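> Which chain is which? The protein sequence lines are A and B, in order. The working numbering applies: residue 1 is where the first sequence begins, and numbers increase by one. The working numbering applies: residue 1001 is where the second sequence begins, and numbers increase by one.
In short, the hints are calculated from the structure, not lab data. It should be emphasised that the depicted structure is a prediction, and the values quoted were computed from it without experimental measurement. Heads up, some of the hints might be wrong.
No more than 30 Å apart at the CA atoms, straight line, and that leaves these computed lysine-lysine pairs for DSSO-like [unchecked claim]:
1. A:LYS151 <-> B:LYS1223
2. A:LYS123 <-> B:LYS1125
3. B:LYS1123 <-> A:LYS37
4. A:LYS29 <-> B:LYS1125
5. B:LYS1125 <-> B:LYS1095
6. B:LYS1223 <-> A:LYS276
7. B:LYS1125 <-> A:LYS55
8. A:LYS279 <-> A:LYS10
9. B:LYS1029 <-> A:LYS276
Heads up, incomplete: computed chain A residues facing chain B, CB under 8 Å, no partners named [claimed, not checked]:
10. GLU41
11. ALA56
12. THR84
13. ASN91
14. TYR92
15. ASP108
16. LYS118
17. TYR144
18. LEU145
19. GLY159
20. LEU183
21. ASP185
22. PRO222
Positions of the beta carbon are idealized from the N, C-alpha and C atoms, including for glycine.
There are 2 protein chains.
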Amino acid sequence: MISRLIEGIKKKNAPVVVGLDPTLSNIPKKILDKAIKERGETLEAASDAIIEYNKAIVDGICDLVPAVKPQIAMYEQFGIPGLTAFTETVNYCRKKGLIIIGDVKRGDIGSTSTAYAKAHLGKVKIGNTEIPVFNEDFCTINPYLGSDGIKPFIDECNGNDKGIFVLVKTSNPSSGEFQDRVLHDEDSTLYEAVGFKVNEWAKLSMDGTYSNVGAVVGATYPKMGEILRRIMPKSFILVPGYGAQGGSGRDLKPFFNEDGLGAIVNSSRGIIAAYKNEKYIKFGEDGFADAARAATIDMIDDIRQNAF
Amino acid sequence: MISRLIEGIKKKNAPVVVGLDPTLSNIPKKILDKAIKERGETLEAASDAIIEYNKAIVDGICDLVPAVKPQIAMYEQFGIPGLTAFTETVNYCRKKGLIIIGDVKRGDIGSTSTAYAKAHLGKVKIGNTEIPVFNEDFCTINPYLGSDGIKPFIDECNGNDKGIFVLVKTSNPSSGEFQDRVLHDEDSTLYEAVGFKVNEWAKLSMDGTYSNVGAVVGATYPKMGEILRRIMPKSFILVPGYGAQGGSGRDLKPFFNEDGLGAIVNSSRGIIAAYKNEKYIKFGEDGFADAARAATIDMIDDIRQNAF
């Protein structure tokens, strides 16, 4: 699967993924009001509004970027109707030729991780019928439970040509509480230790020069990104934290390899809520998809000019 | 919420939670065949079978234990219909007076954790209407992202009288890969460092003598349980790994405080698939709920006799 992502990045000359993390406060009033008028103040209204909003944004950006990253929490908060919107979003993006990175951050003990892996990357078997479920192309995984939790996902990577990004150093302010702790035995930090493991896991699912096993490292920690880039040479780094969370194009240099590959940078709010940003306010609320497109073009330019 | 759990434990004299982790291979053939006959080999058939199976088990055990712990991965693997079965299970258990611990192991950066916290413990606001979503009483949380990821859940604990169990030392064989690493600065392990943090977080949501912020520590690691019991005196420990994963009543002693409280022990497969265990085979496949009841009684006896 990573070779498909690389192909998409090269074709569009954009190592960029747009995060589809809808919140009701970012959805234009007109869309939300219409949904509430039709459905009442219900989870179904939220779901309808999210689908309409997402589709317009996807239409606005699908020729510019190779991939999207829906954050499942933003859908799960609206229950079954919300997860229906997640599924519809995944299906719509697939129709538009986009690669889908499910930001699900799952991770559990072996047998349970197998269930999550089948849910997001594989197929479940009912009687003699195998059915794909949420059917993303990649998903994000939490490493806290160790290899038991990761291996079932690697099996799905190999069996169904899929990929994963393992959380290594997350973009949030408190990520250092545990991830930055220095370990006694090897004088490395926990995030480095997780990075070393990712590099081992990466060897289990190679696909061309890169592995289907990638890592998440926040744009907000470029020095750690530089270290982790060296520790995991075969792993793509999914880089959140650009834009709204504070990272800029210049901060992204350390995340890339010398071949100009090895990283894909995510922006969510910075793109999907661009119409609220002073820079794009001229598009107005009705022009939210055009604002998203303009912000995506600017982000790609920033990365092309400053990150290599 | 922890005071409600304690009340339930005292009333039933059973610090025990039954894990509702349905797999199609553990559902009696008759139930699954009927569902497939009605619905075809579909996700909906899996959902129907799970609901029928769960309800019978809940009927069999609801007077014996204070709480159940549905593992959401086992539902999520069947997509939207599977999560509908999760919701129906939660609602059915609530009607039966059981406390519901959603084993969801979510955890993300702040704004995203807020979405998960609202989904599982709180309410989402649509227009002026606040709607509870999955509406568990407790849920499990992954600490890898630090306080940012935990605080939104603590807010829901305080705002809606709910509780959480933070993963500290998990029951699986590879849990030590990261959790057992010794930290340089304080010569403690990562799981101890997480335990110290849990003890800090616990102070933010006290409810009587215990906190709404508990911890997950596997029965398979009783020595670590003893250490963690001391580090987190105010936190209830949710103890998985009893039975099928290898823990026994005697191993549970270290998890309890001197007041006889402080821990609640989970068994999943050992109860819900008891009818497949030689010890309970006399109940037959049709008697799966009676077998679950018998296994629950035996588990409670084992804990009463050996764990205090």
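> With a cut-off of 8 Å on the beta carbons, see whether TYR144 of chain A makes it to chain B.
Nearest chain B Cβ about 5 Å off; hint holds.
> Taken at face value, is the distance from the CA of LYS276 of chain A to the CA of LYS1223 of chain B at most 30 Å?
violated (54 Å)
> The hint names ASP108 of chain A as touching chain B; please verify it with the least Cβ-Cβ distance against 8 Å.
holds (6 Å)
> Please verify whether LYS1125 of chain B and LYS55 of chain A have alpha carbons no more than 30 Å apart.
Given that 30 Å is the threshold and the Cα spacing comes to 23 Å, the pair holds.
> Please check whether GLY159 of chain A passes as an interface residue: C-beta within 8 Å of a C-beta belonging to chain B.
violated (15 Å)
> Take the C-alpha atoms of LYS279 of chain A and LYS10 of chain A, compute the straight-line distance between them, and say whether it is at most 30 Å.
holds (28 Å)
> Have a go at the LEU183 of chain A hint: is there a Cβ in chain B nearer than 8 Å to its own Cβ?
Since the shortest Cβ distance to chain B is 5 Å, the answer is holds.
> Is it true that the CA of LYS29 of chain A sits at most 30 Å from the CA of LYS1125 of chain B?
holds (15 Å)
> Holds or violated: is the Cβ of THR84 of chain A closer than 8 Å to a Cβ in chain B?
holds (6 Å)
> Taken at face value, is the distance from the CA of LYS37 of chain A to the CA of LYS1123 of chain B at most 30 Å?
Distance ~21 Å between LYS1123 of chain B and LYS37 of chain A Cα, so the pair holds.
> Are ASN91 of chain A and chain B close enough, Cβ to Cβ, to be under 8 Å, as the hint says?
Interface hint status for ASN91 of chain A: violated (12 Å vs cutoff 8 Å).
> Once the shortest beta carbon distance from LEU145 of chain A to chain B is found, is it less than 8 Å?
holds (5 Å)
Violated hints, in rising order: 2, 6, 9, 11, 13, 14, 19, 22; the structure is consistent with all others.
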